[in-house]
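Participant: This is what each chain is made of:
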Amino acid sequence: EDQVTQSPEALRLQEGESSSLNCSYTVSGLRGLFWYRQDPGKGPEFLFTLYSAGEEKEKERLKATLTKKESFLHITAPKPEDSATYLCAVQEAGGGNKLTFGTGTQLKVEL
Amino acid sequence: NAGVTQTPKFQVLKTGQSMTLQCAQDMNHEYMSWYRQDPGMGLRLIHYSVGAGITDQGEVPNGYNVSRSTTEDFPLRLLSAAPSQTSVYFCASSTPDRVRTGELFFGEGSRLTVL
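These protein sequence lines map, in sequence, to chains U and Z. Going by my numbering, the first sequence runs without a break in its numbering and finishes at 111. Going by my numbering, the second sequence runs without a break in its numbering and finishes at 1115.
These are computed hints drawn from the structure, not numbers from a lab. It is possible that part of the hints are untrue.
SDA-like, lysine to any residue: derived pairs with alpha carbons at most 20 angstroms apart [claimed, not checked]: (1) U/Lys42 - Z/Lys1014; (2) U/Lys79 - U/Glu45; (3) U/Lys98 - Z/Lys1009; (4) U/Lys42 - Z/Lys1009; (5) U/Lys68 - Z/Glu1030; (6) U/Lys63 - U/Gly16; (7) U/Lys108 - Z/Pro1039; (8) U/Lys69 - U/Gly94; (9) U/Lys59 - Z/Pro1039.
Derived list of chain Z stretches under chain U, where covered just means 3 residues or more per stretch with a C-beta under 8 angstroms from a C-beta of chain U [stated by the list, open to error]: (10) 1034-1048; (11) 1085-1099; (12) 1102-1112.
We put the beta carbon where it would ideally sit given N, CA and C, even for glycine.
Just chain Z, with the same shape it has in the complex:
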């Protein structure tokens, strides 16, 4: 089992460019989510999905889009990158029961710099 796989691990963008952060999990988890982690701030939820075809906004959704066409994949799209989106992004997945007990399985993160 690879668990939660995020690509790329590092990315540098210029302001206004678009890109997609990929997230795939092989644990058949229904729940998937994206967080960002910034210095001096806790992890903040961007978007989440409770199953294929279902997505919802988290705490900081502006500037990001998501889709969930399969159980395995949950890509995060930045349509027009801004310096404020410089951050480390984490994808996390879980089962419905484990989400209720706070048990998320995180990927290793994607470090994004927007110049």
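For reference, chain U alone in the conformation it holds in the complex:
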């Protein structure tokens, strides 16, 4: 059974204090790994797709990387508007379009 584990559950940063969120996964064959952002009271918003180990994607202060067992979402010099819950999901090869989501990391960036 596919498993996705995100850590930490919650993270509090000062503005400008860079850090990383972790997503470890267990699938028999990875088709894709996806990052989403979810603001309170809203639906998730798609950020990135990663397909193979070594791949990186960037968007503003966010950079997602992928290894064979985990993905990292690096946040460089975060701002308060980066505060949100970040969700990771995986899609298994041969599993159709089914996404397995992790429980998320709740990030709060303070002034």
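Mind docking chain Z on chain U? Use the hints.
Facilitator: Chain Z only, in chain U's frame:
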């Protein structure tokens, strides 16, 4: 473009009552789906549809029915609500190509409480 619109945003039901959560999208997306989000658990797929007239079960389909008579609408029906169905429900849509790349477009959610 309104995107994905869910109604109602909040609903309280008594055990055994029935109701329908509405989902409409104006992006001409063929793929539509329903997820539930519970504390301490990841989003879980309830039902999905790859086009009008076609529906299929997801990970947690029991207690829920769906139909897809038009491309735009994908209602989720609870026939006899149970407290275990207390959750936040999200509708998501996408194109066939974007589903393969994991890119779903979510609505803002419907928070359901079953007493």
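Participant: What are the numbers of the hints that this structure violates, sorted from low to high?
Facilitator: Hints 1, 3, 5, 9 contradicted; others consistent.
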